[in-house]
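A.B. asks: Chains A and B are the protein sequences, given in the same order. First residue of the first sequence? That's 1 in our numbering, and the numbers climb one at a time after it. First residue of the second sequence? That's 1 in our numbering, and the numbers climb one at a time after it.
It is worth saying that the hints were derived from the structure and are not from the lab. Among the hints, a few may not be true.
Remember, identical chains collapse to one label, so a pair may be satisfied in a single copy or spanning two.
[Unchecked claim] With a straight-line cut-off of 20 angstroms between C-alpha atoms, the simulated EDC-like cross-links for lysine to aspartate or glutamate are:
(1) 102 x 115
(2) 85 x 140
(3) 102 x 18
So the chains spell out like this:
Number of protein chains: 2
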Amino acid sequence: MERDWFTNENCSVARTLEVIGERWTMLVLREAFFRVRRFEEFQRNTGAARNILSDRLRTLVDHGILERRRYQDHPPRFEYRLTEKGVDLYPVLISLMQWGDKHAPGEQGPPVVLEHRICGRPTTPTMVCSECGKPLTAREMRALPGPGAIPRAAEG
Amino acid sequence: MERDWFTNENCSVARTLEVIGERWTMLVLREAFFRVRRFEEFQRNTGAARNILSDRLRTLVDHGILERRRYQDHPPRFEYRLTEKGVDLYPVLISLMQWGDKHAPGEQGPPVVLEHRICGRPTTPTMVCSECGKPLTAREMRALPGPGAIPRAAEG
Numbered sequence: 001m002e003r004d005w006f007t008n009e010n011c012s013v014a015r016t017l018e019v020i021g022e023r024w025t026m027l028v029l030r031e032a033f034f035r036v037r038r039f040e041e042f043q044r045n046t047g048a049a050r051n052i053l054s055d056r057l058r059t060l061v062d063h064g065i066l067e068r069r070r071y072q073d074h075p076p077r078f079e080y081r082l083t084e085k086g087v088d089l090y091p092v093l094i095s096l097m098q099w100g101d102k103h104a105p106g107e108q109g110p111p112v113v114l115e116h117r118i119c120g121r122p123t124t125p126t127m128v129c130s131e132c133g134k135p136l137t138a139r140e141m142r143a144l145p146g147p148g149a150i151p152r153a154a155e156g
Numbered sequence: 001m002e003r004d005w006f007t008n009e010n011c012s013v014a015r016t017l018e019v020i021g022e023r024w025t026m027l028v029l030r031e032a033f034f035r036v037r038r039f040e041e042f043q044r045n046t047g048a049a050r051n052i053l054s055d056r057l058r059t060l061v062d063h064g065i066l067e068r069r070r071y072q073d074h075p076p077r078f079e080y081r082l083t084e085k086g087v088d089l090y091p092v093l094i095s096l097m098q099w100g101d102k103h104a105p106g107e108q109g110p111p112v113v114l115e116h117r118i119c120g121r122p123t124t125p126t127m128v129c130s131e132c133g134k135p136l137t138a139r140e141m142r143a144l145p146g147p148g149a150i151p152r153a154a155e156g
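With the rest of the complex left out, here is chain A (with noise of 0.2 angstroms):
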């Protein structure tokens, strides 16, 4: 395979997996678009252990994923909310749960579904192109070196 112009140091995916490419940093993220805000609510709905459910709590606030308030003084008590760039993970969700819906069902079907609140149907989140806005599929596209592409003879 002669693709050489990123290595893990460089790839966009690798950085991503590096912030929330853990199981239950997911399942947090996951409870978070369901607008569950409080730890009690997130331990409940996750299953998470305490002590691993902070630990991915405080990654994501690093991170800029979510935004932790103080929503009680006495005593003190925080929520967690969805930044911008939390916000922005909703396809990496999507794109998780049409996977198991398709793939990795329960004899019952998929336990969740979806409304487009703008068009007020149930609906099937598409990736398409931005150009064309046909329906995408990997075989249909190509990868190119990006300006970001490192040469693999140029690293060391």
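Once you have looked at the hints, place chain B on chain A.
C.D. replies: Relative to the frame of chain A, chain B by itself:
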């Protein structure tokens, strides 16, 4: 949060993460989409240790995401190719890449850009509503219980 109709057991996101929710696994898949097929190439491009790579390849084969084929008899050598089930993970990879391009970029910009072979133009994969065609944002979506929803009260 009154959302009570799924747990990790029947959640499509959690089920998908059970299979691919591990950093090395996604990096192996990244390579597979770049048409990497052989162990040595996976190893070189991902930087994974051999035992980890063996394990992740086995997991992906066991789940029908990669197919293992013998391409040489003496000595026996195998290659790994994406199945249709594997190709369906493309939106996951692309959405991880897009988030990284935007929120964890290198100084020079993205290492990879995409071209849509069908229209021949550089493209930004965009998630749209299957019904009205408008780009989707998290805040315009509503999640509703699907056929596989399990009311928590009915569990025990």
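A.B. asks: For each hint, tell me whether it holds in the structure or not.
C.D. replies: A quick look at each hint next to the structure:
Taking CA atoms no more than 20 angstroms apart as the test, residue 102 paired with residue 115 passes inside one copy only; the shortest distance there is 18 angstroms, against 27 angstroms between copies. Within a single copy, residue 85 and residue 140 get their C-alpha atoms only as close as 29 angstroms, which misses the 20 angstroms cut-off; across copies the closest is 17 angstroms, which meets it. Taking CA atoms no more than 20 angstroms apart as the test, residue 102 paired with residue 18 passes between copies only; the shortest distance there is 15 angstroms, against 27 angstroms inside one copy.
In the structure shown, no violation is registered for any of the earlier numbered hints.
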